[in-house]
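K.L.:
Spelled out from the first residue to the last, the chains are:
2 protein chains.
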Amino acid sequence: MAVKVAINGFGTIGKRVAEAIVKQDDMELIGVTKTRPDYLAMAASKRGLLYVPENKLEDFKKADLEVAGTIDELFQKVDVVVDATPGGVGKEYKPLYEKYGVRAIFQGGEKHEVAGFSFSTLCNYDDAKDKQFVRVVSCNTTGLLRLLCTLNKEFGVERVRATIVRRGADPHETKKGPIDAIVPNPVTLPSHHGIDVRTVLPVDIATTAVVVPTTLMHVHVVNVILKEEVSRDQVIEALNKAPRILLVPTKISGIKDTAKLIEMARDMGRKRHDLYELAVFEESISVNGKELFLMQAVHQESIVTPENVDAIRAMFGLATKEESIRKTDESLGLVRTFDEVISKIASF
Amino acid sequence: MAVKVAINGFGTIGKRVAEAIVKQDDMELIGVTKTRPDYLAMAASKRGLLYVPENKLEDFKKADLEVAGTIDELFQKVDVVVDATPGGVGKEYKPLYEKYGVRAIFQGGEKHEVAGFSFSTLCNYDDAKDKQFVRVVSCNTTGLLRLLCTLNKEFGVERVRATIVRRGADPHETKKGPIDAIVPNPVTLPSHHGIDVRTVLPVDIATTAVVVPTTLMHVHVVNVILKEEVSRDQVIEALNKAPRILLVPTKISGIKDTAKLIEMARDMGRKRHDLYELAVFEESISVNGKELFLMQAVHQESIVTPENVDAIRAMFGLATKEESIRKTDESLGLVRTFDEVISKIASF
Numbered sequence: 030m031a032v033k034v035a036i037n038g039f040g041t042i043g044k045r046v047a048e049a050i051v052k053q054d055d056m057e058l059i060g061v062t063k064t065r066p067d068y069l070a071m072a073a074s075k076r077g078l079l080y081v082p083e084n085k086l087e088d089f090k091k092a093d094l095e096v097a098g099t100i101d102e103l104f105q106k107v108d109v110v111v112d113a114t115p116g117g118v119g120k121e122y123k124p125l126y127e128k129y130g131v132r133a134i135f136q137g138g139e140k141h142e143v144a145g146f147s148f149s150t151l152c153n154y155d156d157a158k159d160k161q162f163v164r165v166v167s168c169n170t171t172g173l174l175r176l177l178c179t180l181n182k183e184f185g186v187e188r189v190r191a192t193i194v195r196r197g198a199d200p201h202e203t204k205k206g207p208i209d210a211i212v213p214n215p216v217t218l219p220s221h222h223g224i225d226v227r228t229v230l231p232v233d234i235a236t237t238a239v240v241v242p243t244t245l246m247h248v249h250v251v252n253v254i255l256k257e258e259v260s261r262d263q264v265i266e267a268l269n270k271a272p273r274i275l276l277v278p279t280k281i282s283g284i285k286d287t288a289k290l291i292e293m294a295r296d297m298g299r300k301r302h303d304l305y306e307l308a309v310f311e312e313s314i315s316v317n318g319k320e321l322f323l324m325q326a327v328h329q330e331s332i333v334t335p336e337n338v339d340a341i342r343a344m345f346g347l348a349t350k351e352e353s354i355r356k357t358d359e360s361l362g363l364v365r366t367f368d369e370v371i372s373k374i375a376s377f
Numbered sequence: 030m031a032v033k034v035a036i037n038g039f040g041t042i043g044k045r046v047a048e049a050i051v052k053q054d055d056m057e058l059i060g061v062t063k064t065r066p067d068y069l070a071m072a073a074s075k076r077g078l079l080y081v082p083e084n085k086l087e088d089f090k091k092a093d094l095e096v097a098g099t100i101d102e103l104f105q106k107v108d109v110v111v112d113a114t115p116g117g118v119g120k121e122y123k124p125l126y127e128k129y130g131v132r133a134i135f136q137g138g139e140k141h142e143v144a145g146f147s148f149s150t151l152c153n154y155d156d157a158k159d160k161q162f163v164r165v166v167s168c169n170t171t172g173l174l175r176l177l178c179t180l181n182k183e184f185g186v187e188r189v190r191a192t193i194v195r196r197g198a199d200p201h202e203t204k205k206g207p208i209d210a211i212v213p214n215p216v217t218l219p220s221h222h223g224i225d226v227r228t229v230l231p232v233d234i235a236t237t238a239v240v241v242p243t244t245l246m247h248v249h250v251v252n253v254i255l256k257e258e259v260s261r262d263q264v265i266e267a268l269n270k271a272p273r274i275l276l277v278p279t280k281i282s283g284i285k286d287t288a289k290l291i292e293m294a295r296d297m298g299r300k301r302h303d304l305y306e307l308a309v310f311e312e313s314i315s316v317n318g319k320e321l322f323l324m325q326a327v328h329q330e331s332i333v334t335p336e337n338v339d340a341i342r343a344m345f346g347l348a349t350k351e352e353s354i355r356k357t358d359e360s361l362g363l364v365r366t367f368d369e370v371i372s373k374i375a376s377f
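Chains as they are written, first to last, in the working numbering: chain Y, 30 to 377; chain X, 30 to 377.
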């Protein structure tokens, strides 16, 4: 029996998770919600998937959009709701999920306390079993945790200091900035990202963050003190072995910035140029004894898609961690090596 | 017998035309050229398509990239070369095309005189027959000509004044600007775009251009005096009927800028978010007697792809104009109506 899934909020994350759900053989997409008519609502309507709040039915009728039902009706038809509403709005829906006894997966825009359990596949997949509420951590936290849980498993992590250089807005957003400034955000240190990491991996971590005028990806400049001395080759081997981490060699490829990483994803034929993998600039990896430096890039729009799919399997006990990673990554076409990247580009 | 095609320059235009050629049943992609090793060269090599200048063989050997041959060898194997080298470089290759008696299609970065014939499908398809050299006009000129040849056929065009608001760089380019200025470019009026339009359609046109800090698309603010009085509905009907022009309604869709147009292309699943269609903001169409105003957007990376494919058919007499448009547009998945856009988005 496939798990019946609803997506609350058919925006940047919601549309990606909805499409990923359709690709899973153990899940079924029942509906998506929209609060305002727009072209995505038109597409959802055309597919018979559109559910809207009861008090918005009139707006959609005026826009000539057929709806499949109200969100209350939708939540009663499904086993789990992926809450992809804007940050802070998920909390408002929690009473409704409780009312209908439906499970829910919140996103990183909600506080840890809303779900009481924060999730990242490589770190704590098994602990999600039978939870009613799970929160998939944010894009930046997901990127940090994929790296840190991999390093922690292999070598032990003693201390982490990282600077998050955040994109100012997503590509489609025209009302957000900055467009000509570098913004310490927050200016009071540390930033919440390190604190958020600790909701999943209890480790000595402090992060700082600035926002810059770009839309494509975030970049993390990471400094880690490991529990044992390592060689650069050992770090590279560990990252190469880990799923969802892609080492990108700059010199031979010419891929030396976030713009080129996204061009690579475009050339790979990834829908919406999504890069689900955490991209580590291979040449940036520098090791001295127990100390490691590296720079990594996070595609903020898509990196949490695989984790949302896994979270469903984890909550319902549908598969082991390894099995879920395999199914999710195969269905979404994730790669583990740069050679696979080249093969995808060559396969037009 | 399929026409054998080489792509000289496997960059922004070259990779798109190469992939389009592979989709045609009357053409065969024989090889592509690169002058420097990078990840696209790696992909071309993996597919056995990589040809390089003889004096660069050593560079590719050092980069451990297998090549299929030299560019001289490639040009002797094919019927036509699509020259997608950087602007001004195509001219340097012309003697080589002449030496091997191979036909060539230049891009809009070359002067009209290099080919002696400038091409735009909706305007002068039939005149390309049996030409050795053809130049597909630039992205901006292609956008203007799709509009103007459509209007000219329906109503006659008396005079055109247009301002071209140009993107500063393509998404992958990190060494070009501006990044915080609006640049009159050129500051001496008029700009070359109108002059370029006249290499295809002899009409009273003057254009001006500014460059702005964005990467996604160009926007044209167009003012046309028609030869007869028309209604707004007649203009909309003419544009709706025309191939490769897509009217985008803003109010019902929320698509109100170039960022949202590109998000729409991403949601449609277009590879590299390519938007081959000239996108006209429907609400911008304003008519008063013989005078028409509108705003349209041009995806600079991809809009000339269909015209390059057509140019091959036109030169070799493979198909009528209508038949070529049909084959090209079907193979690339072009749409004519916004309803088709919604269907594509709904078909995940």
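Worth double-checking, as some hints may not be accurate.
[Unchecked claim] Derived EDC-like pairs (lysine to aspartate or glutamate); straight-line CA-CA distance at most 20 angstroms:
(1) X/K373 <-> Y/E95
(2) Y/K75 <-> X/D368
(3) Y/K91 <-> X/D368
(4) Y/K90 <-> X/D286
(5) Y/K205 <-> X/D286
The hints are simulated quantities; they were obtained by calculation from the structure and are not laboratory data.
K.L.:
Give a verdict on every hint.
P.N.:
A quick look at each hint next to the structure:
For the suggested pair X/K373 and Y/E95, the alpha carbons sit about 18 angstroms apart, so the restraint of at most 20 angstroms is met. For the proposed pair Y/K75 and X/D368, the alpha carbon gap of about 10 angstroms is at most 20 angstroms, so the pair holds. Taken as a hint, the Y/K91 and X/D368 pair is honoured in the structure, with Cα atoms around 18 angstroms apart against an allowance of 20 angstroms. For the hint linking Y/K90 to X/D286, the alpha-carbon distance of about 26 angstroms lies beyond 20 angstroms, and the restraint is violated.
Among the hinted pairs, Y/K205 with X/D286 is consistent with the structure: their alpha-carbon atoms are about 14 angstroms apart, no more than 20 angstroms.
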